[in-house]
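Chains as they are written, first to last, in my numbering: chain E, 4 to 139; chain C, 3 to 545; chain B, -9 to 302.
Since the hints were derived computationally from the structure, they do not count as laboratory data. A few of these clues could be false.
Claimed, not checked - With a straight-line Cα cutoff of 30 angstroms, these simulated DSSO-like cross-link-like pairs (lysine-lysine) come out:
| no. | chain 1 | residue 1 | chain 2 | residue 2 |
| --- | --- | --- | --- | --- |
| 1 | B | K13 | E | K83 |
| 2 | C | K425 | B | K187 |
| 3 | C | K488 | E | K77 |
| 4 | B | K13 | E | K7 |
| 5 | E | K130 | B | K1 |
| 6 | C | K205 | B | K54 |
| 7 | B | K187 | E | K7 |
Said to hold, decoys possible - To list a few chain E residues with every Cβ distance to chain B over 10 angstroms, as calculated:
| no. | residue |
| --- | --- |
| 8 | S28 |
| 9 | G35 |
| 10 | I39 |
| 11 | M53 |
| 12 | E56 |
| 13 | G58 |
| 14 | K77 |
| 15 | E80 |
| 16 | V103 |
| 17 | D112 |
| 18 | S119 |
| 19 | E123 |
| 20 | L132 |
Glycine included, C-beta positions come from ideal geometry on N, C-alpha and C.
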Amino acid sequence: MSTKKRIIMAKMGLDAHDNGLRIVSKWCADAGYEVIYAGVYNSAERILQMTIEEGADAVGISFLGGEHLHYSKKLLELFKANGLESVKLFAGGIIPPADVVALKGLGVDAVFTPGSRRAEILSGIAKCLEAQESGS
Amino acid sequence: MADSPKIQFDHAEGENIPHFKSLSGIEYKRIYTREDWDKTLPDAGEYPFTRGIHKDMYRGRLWTRRQQSGFGSPEDSNELLKFLLRVGQTGINIDSDIAGKIGLDPDYPLAQADVGLQGTSMCTYEDMAALFKDIPLDRISSTLIFPPPYSVVLMGQYMMMAKAQGIPYENLIGTMMNCPFTQLVGPTFQANTDFFPIDLALKIGLDLIEYLVPIAPKWNVLNVNSRNIRESGVDAVQEAAFSLALGMDFIDRLCKRGMNVDTFARRIGFFSAVHLDIFEEVAKFRAMRRIWARQLKERFGAKNEKSMWFRCAVQTSSITLTAQEPLNNIVRAAVQTLTAILSGVQSVHTTSYDEAYCLPSEETHKLAIRTQQIIAYETGATKSVDPLGGSYLVEKMTDEMEERIWEMMKEIDRRGGFVECFKAGWVENELNQARYKLADQIESAELPIIGMNVFRDEEEVAEIEIFKQAPDMQAKRIEYVINYKKNPDRGPVRKALNDLAERVKKHPDKDLVVPILEAVEAKATLQEISDAMREAVGFSIPQ
Amino acid sequence: MLFTGLERGDKGSASRLMTLIEKEGPDGETALKRLYTLDSKALVIGVTGWPGVGKSSLISRIAKAFLGEGKRVGIVAVDPTSPFSGGGLLGDRIRLRDIEGRENLFIRSMASRGHHGGLSRSARSFVKVMEAMKCDVVLLETVGAGQDQITVSLIADTTIVVVAPGLGDYLQAIKSGILEIGDIFVVNKADRQDADKSAQDLESAMRMREKKGWRPSVVKTIAADGTGVEVLMKEIAGHATYCAGEQGSRARKIRAAKEEIREAVKSRLFSRFIGTDGLVDDPMNEYALEICERKMDPYAVADMILADKGSN
Chain E
4 MSTKKRIIMA KMGLDAHDNG LRIVSKWCAD AGYEVIYAGV YNSAERILQM
54 TIEEGADAVG ISFLGGEHLH YSKKLLELFK ANGLESVKLF AGGIIPPADV
104 VALKGLGVDA VFTPGSRRAE ILSGIAKCLE AQESGS
Chain C
3 MADSPKIQFD HAEGENIPHF KSLSGIEYKR IYTREDWDKT LPDAGEYPFT
53 RGIHKDMYRG RLWTRRQQSG FGSPEDSNEL LKFLLRVGQT GINIDSDIAG
103 KIGLDPDYPL AQADVGLQGT SMCTYEDMAA LFKDIPLDRI SSTLIFPPPY
153 SVVLMGQYMM MAKAQGIPYE NLIGTMMNCP FTQLVGPTFQ ANTDFFPIDL
203 ALKIGLDLIE YLVPIAPKWN VLNVNSRNIR ESGVDAVQEA AFSLALGMDF
253 IDRLCKRGMN VDTFARRIGF FSAVHLDIFE EVAKFRAMRR IWARQLKERF
303 GAKNEKSMWF RCAVQTSSIT LTAQEPLNNI VRAAVQTLTA ILSGVQSVHT
353 TSYDEAYCLP SEETHKLAIR TQQIIAYETG ATKSVDPLGG SYLVEKMTDE
403 MEERIWEMMK EIDRRGGFVE CFKAGWVENE LNQARYKLAD QIESAELPII
453 GMNVFRDEEE VAEIEIFKQA PDMQAKRIEY VINYKKNPDR GPVRKALNDL
503 AERVKKHPDK DLVVPILEAV EAKATLQEIS DAMREAVGFS IPQ
Chain B
-9 MLFTGLERGD KGSASRLMTL IEKEGPDGET ALKRLYTLDS KALVIGVTGW
41 PGVGKSSLIS RIAKAFLGEG KRVGIVAVDP TSPFSGGGLL GDRIRLRDIE
91 GRENLFIRSM ASRGHHGGLS RSARSFVKVM EAMKCDVVLL ETVGAGQDQI
141 TVSLIADTTI VVVAPGLGDY LQAIKSGILE IGDIFVVNKA DRQDADKSAQ
191 DLESAMRMRE KKGWRPSVVK TIAADGTGVE VLMKEIAGHA TYCAGEQGSR
241 ARKIRAAKEE IREAVKSRLF SRFIGTDGLV DDPMNEYALE ICERKMDPYA
291 VADMILADKG SN
């Protein structure tokens, strides 16, 4: 059984600082995931369409300017409205500690802040996707 | 001897650093001697300006303390400007939010969540006037960070404001950055080409230079941002080579338009990063000064010495700052600021220690300014010109950096110049390779970062105050611009926009600055003007 | 149940079906078999060419043209898989941004797998799913090197080979035999200096070749601004008409079906004897060691595997 997991990696809104996004995308591809690289300037609706068409198991968004709460909330709402609750959502980037808690409260499955090591990020993602397999 | 209690001690025995290479891979020798370098150098202020572009450097006048600033509404940012000037900054650097930098108004759907977050939200003439309220434009120089074609709009608003204050254009001092490749995040393809066709943007930028040079002789018309290039992960050699090559590409194009290099070259500047490898950075700046001077003289035939000056503003690097143990960043920024001074730069922004968390607060901005003031007044680093000059290490490394940078510039030239390399995807490729390599170096701790990949204290929880904005800031800005555009007195706007669109469609090769300025004077907003041009060439932007 | 959604043109159902088939389990196979019973009325266009020739820009223009005619368009974008990690960085979609998101457009990215079945099986099945969800046109984009290019030419009704001047690859193309598979040749980036020469070289190379029935043409385009796309669309329409007629299309369909049978047999044999992911089987590692130490040859190993498993 081929169980390659598909992850969409994207930035939303106007911020185009994509260094972290590119690096983590490559780490994920090197780790065996199929990464659909969506680049920058994505709206929530565009991400939704992509998630549907690509049958993504997870979506990873990188943030920098402080827009993380707004967009995470919007995405999760769209996922819910379209029967995509099983899709995992990861957030990364400049996110203050209090907001990390808030994001998880909203339903974001994992948050990675600056200084997160590669092993930490990959195992965090793997854990979420395993949980997905077993239906949680 | 009985067993002593166990303590963590293993790192104290024979401790040394992992290797002796500079960040760009130059191997540091054990010690440098006269055998490594035994020449004489011209004085500071003398071609090729290795020791500095001015004879007296900081003895004559200290560098400008110019912190990039801006957030929320123009009124918020104006308050911040006044605060910064009060605590001792000596130059202004306006950072708009991203919407402003890519020609969008706050009400554009994709822009709404980003309004005012990374800089000042501004799109109307009134915004510009509010931002600079009470600021004497002819006494304090201002840097405005906008790429073309938006640089023309914001310049137009700035000049309207100068006029309203009764200040003639000849007295305007400052910089419009005006580079379409490096102003946003560095020269990555998608970032710089999704919101406006790149060739037209470049052309309009050149139009603006041609327009401003004769009427605002003290105003700087181009600033190549090598810091954004560097923050993508490339090393000092690539940073220098890419930015110098881009600068030369611009000069080439301006000369091809028939402009005399001595009329505009002195109005071109650079905005660079300062990194942590002290001596490599000092060598980098000295090498850049030499290469730039040589190119201006030999390749472009500049006659006036001022045309050959490599004028450089810097901001200390952010990529070196950590979220872990953020107070460590104060030390890093201080060392980098000192490095900038030892390198002989013209203005400095010291990055605040909360960089990995949020925009700087007033408190962290103030500390950054104090850092610069302490170095200026307390350390003696400013009491003699080019204090490191003649050091065997520094001079040898300057020579080496110059060689490596020049090799890379020749490669770029061979490929048709920087702009061609950008369009062909070569630059993007180089950036990607560099960023992955840097990430690997950080992962393996080949590049040690204290508190992050070495000496990491897992139990440490950073406790710093996060700068927060008013919760209704965005809604207010969006409402403001919606109402602004609904105003029924805007008849002249329609006409000006139509004229602009006609010109872009029918005569894009002619000057486009004047029709844009007419639209600015009619009080069209930033996006209205940008959209008129986009529609004229059938260019659609991301929704 | 997914098939009802599919017939309604529901993107979610189509996507889930593709994922199911990719998993290669029994449910996926049942679904795939069912797809084969459905009518395939879509025009399937394969677009192949080396990296950097501008395939994505061209596909974007072609798709836009069809969308403008009110057609429903599907795009299967194939990126290479890493042979080492098995993962892939699929970056085609981002190059189709300016058409992405439209109601009548469905874009699916896939990795050109390393394991057996590979490009052929998944790409073929994705194309079938798109046909079943009522796409009028399906564009299949691949990097195209060697076997993959041939596979594409068998799946597609019309194969477009894209070259660009100055990359030197049109000479490679002539050498690598892709002249055999192209129905339409495109010289993109035609504003470059040597574009005319590239076009002429292609034309003369083709004249020297025997070809019954459809005569491939060479079209010059500048995908960046749309130049030449109208001519290309006419050629595509021309080839579609030719295919609708009996002559060429039937022979190609028979060839394609034979290839599918061969693939199916190989796939069955492979999964029966080696497993779907033959890379990690323990006996495989031992056999490999024997070969490296010169104690056995691969054919002896194959015979052993077949004899061993065949008796089950």
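Each hint, compared with the structure:
Straight-line distance between C-alpha atoms of K13(B) and K83(E) comes to about 25 angstroms, which keeps the hinted pair within the 30 angstroms bound. About 23 angstroms separates the Cα atoms of K425(C) and K187(B), which keeps this hinted pair within 30 angstroms; it holds. For a cut-off of 30 angstroms, the pair hint linking K488(C) to K77(E) stands: about 28 angstroms separates their Cα positions. Restraint check: the Cα-Cα separation between K13(B) and K7(E) comes to about 8 angstroms, which is no more than 30 angstroms; the hinted pair holds.
Proximity of K130(E) to K1(B) is assessed by CA-CA distance (about 29 angstroms); at most 30 angstroms being required, the pair is judged to hold. With a C-alpha separation of about 29 angstroms, the suggested pairing of K205(C) with K54(B) holds against the 30 angstroms cut-off. Note on K187(B) and K7(E): the hinted pairing is violated, with a Cα-Cα distance of about 45 angstroms set against a maximum of 30 angstroms. Distance check on S28(E): its Cβ comes as close as 6 angstroms (rounded) to a Cβ of chain B, failing to clear the 10 angstroms threshold; non-interface status is violated.
Not every CB of chain B lies more than 10 angstroms from the CB of G35(E), the least distance being 4 angstroms, so the non-interface label is violated. Not every C-beta of chain B lies more than 10 angstroms from that of I39(E), the closest at about 5 angstroms, which undercuts listing it as non-interface. In this structure M53(E) is not separated from chain B by more than 10 angstroms, as the shortest Cβ-Cβ distance comes to only about 7 angstroms. With 10 angstroms as the threshold on Cβ separation, the claim that E56(E) sits away from chain B is violated: the shortest Cβ distance comes to roughly 6 angstroms.
Non-interface call for G58(E) relative to chain B: violated, since the shortest CB-CB distance, roughly 4 angstroms, does not exceed 10 angstroms. Against chain B, the non-interface label of K77(E) holds: every CB pair exceeds 10 angstroms, the least being about 16 angstroms. Look at E80(E): its CB is around 17 angstroms from the nearest CB on chain B, clear of 10 angstroms, so calling it non-interface holds up. With a least beta-carbon separation of about 27 angstroms from chain B, V103(E) lies farther than 10 angstroms from that chain, consistent with its non-interface assignment.
Distance to chain B confirms D112(E) as a non-interface residue, since its nearest Cβ pair spans about 20 angstroms, more than 10 angstroms. Even its closest Cβ contact with chain B, about 20 angstroms, leaves S119(E) beyond 10 angstroms, as expected for a residue assigned away from the interface. For E123(E), the requirement that its beta carbon stay farther than 10 angstroms from each beta carbon of chain B is met, with the minimum near 19 angstroms. The Cβ of L132(E) lies farther than 10 angstroms from every Cβ of chain B, with a closest approach of about 13 angstroms, so its non-interface assignment holds.
The structure shown violates the earlier hints numbered 7, 8, 9, 10, 11, 12, 13.
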